[in-house]
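Start from the sequences, fold in the hints, and give me the full structure.
Number of protein chains: 2
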Amino acid sequence: MATPMVAGWLKFAKEIEGIVLDIAGVLYDSGDGDGVPIPGSIEAVNRLKASGVPVRFCTNATETTRVNLVAKLNRIGFSLEPNEVFPPAPAVCQILKERGLRPHLLVADDCKPDLAGVEQHDPTCVVIGDAAHGFTYDSMNKAFQALMQMEKPLLISMGQGKYYLETDGLKLDCGPFMKALEYACSLEAEIVGKPSKTFFDAVLKDIGISSDKALMIGDDVVSDVGGAQACGMRALLVRTGKYRPTDEKHPTVTPDGVVDNLQQAVELFLSCRDK
Amino acid sequence: MATPMVAGWLKFAKEIEGIVLDIAGVLYDSGDGDGVPIPGSIEAVNRLKASGVPVRFCTNATETTRVNLVAKLNRIGFSLEPNEVFPPAPAVCQILKERGLRPHLLVADDCKPDLAGVEQHDPTCVVIGDAAHGFTYDSMNKAFQALMQMEKPLLISMGQGKYYLETDGLKLDCGPFMKALEYACSLEAEIVGKPSKTFFDAVLKDIGISSDKALMIGDDVVSDVGGAQACGMRALLVRTGKYRPTDEKHPTVTPDGVVDNLQQAVELFLSCRDK
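Heads up: the sequence lines are chains V and L, in that order.
Residues 1081 to 1355 in our numbering are what the first sequence spells out, letter by letter.
Residues 1081 to 1355 in our numbering are what the second sequence spells out, letter by letter.
Because the hints were derived from the structure by calculation, they are not lab data.
Note that CB positions come from ideal geometry on N, CA and C, so glycine has one too.
For the chain L half of the interface with chain V, some residues (derived, Cβ under 10 Å), not all of them:
#1 H1213
#2 D1218
#3 M1220
#4 F1224
#5 Q1225
#6 Q1240
#7 K1251
#8 L1252
#9 D1253
#10 K1259
#11 Y1263
#12 R1324
Computed far set for chain V versus chain L, every beta-carbon distance over 12 Å:
#13 S1159
#14 L1160
#15 N1163
Within a straight-line C-alpha distance of at most 27 Å, the following computed DSSO-like cross-link-like pairs (lysine-lysine) qualify:
#16 L/K1222 x V/K1222
#17 L/K1222 x V/K1251
#18 L/K1192 x V/K1251
#19 V/K1192 x L/K1251
#20 L/K1251 x V/K1251
#21 V/K1222 x L/K1251
#22 L/K1232 x V/K1251
#23 L/K1222 x L/K1232
Given below as structure tokens:
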């Protein structure tokens, strides 16, 4: 049943020509093993894709390669293709090559193949991702020391998320460790991933629609919802994943709608378009 | 030989009635084992104490207890007494007791005895110190989760230093990890230790002098020099420890003087007073 906040966004559902979905917290909750699908999400994605509306998946996930992330999601029941999924690492790899940068990597080992083929000796930047257990005092020191040795220290961060929900609780994302290095070296990181406009724009370009025709659905009120809105997209917040009730009264971001989960969003969206 | 910058501060040397010294980077460089005295510092401290000028040691060191820190310094040649040394942990312990707070500790195991005697079940605050190798993804997550479960999350940080010099290079201090938790939980930590005015004031009270009669000597341009100056003290920067040449052109802090090391500072100070 539609709550008042849900009803509001239905007004523009007919204008939407493409949907961008966050992955963790919307499709599934990550954790030990492959993680767990959020109830209704597998069917919701399938229905959305079957309806003919273009769908892309925009994630700051850097715990593994794009191919392995898709394989993991498909093992738990989804049917995604790698070219539908936009994580930061392939985008960072392109930036490093274009700008001739040599990275010191502070990323999960499983993510490194997406950053392969770039020279890493005598680093000219540090690339940080969600290294999770790879964040140790030693690895943080090595990244810090690498930055302090650079003539112009450059920190490239794959997202700036604060935390995410795993099956056994909230876990720190890449953002806090990015902030630690920013503070230690008195610098500001360059973000690749949500909420960067460049990142959302690449996804919209792939769909071939303008931002005002696109709807983002995510569980991060700042990075997903605020980031997409800042690019001119509409954005829904789901009450799954890392969602907390206080997100609905966020001081700077007001979602275009709040839904219980992806299933509800898709049902309402499709029912509205069928009318 | 006195450089022009050194000469300037000699003008007020006769007004000084007490000296506050930072420890790491001024007396010694920490590292494997007990660390290494900075050349001339042992004699400089001895001469200063023999001169009758009251001396206190004000440190953000939280890698061990006050008693063990003094024992370590004395093993490498200094002659300090525990009651001359002011680290944050005993001050934090007093605050926890006064305010009835129960801490979740993210501190070095060796520091914990200075925080003993305080209830720790069902924590109402997180206390962070220089945990060094104790900063792991798991320990950071546990502190983060503890904060997120509190009705009013409170983070107490023993100092906010960015980094320090060990015998094998620059190492991240407590500050960056404090910033990580501040960002993750959208809060601002309460600092106990330099550059907090409360902390400097406690040392001045112990000497029994007003801040305008006190001289701070440290290697951290922000925390030692800027912090002391903000309390009305004069402050010298030494070119030892974590000092970097850019510190002499710091955007917000101008030391009252810059000296090569503690030995030079003490020689000039005492020679000026003897005149």
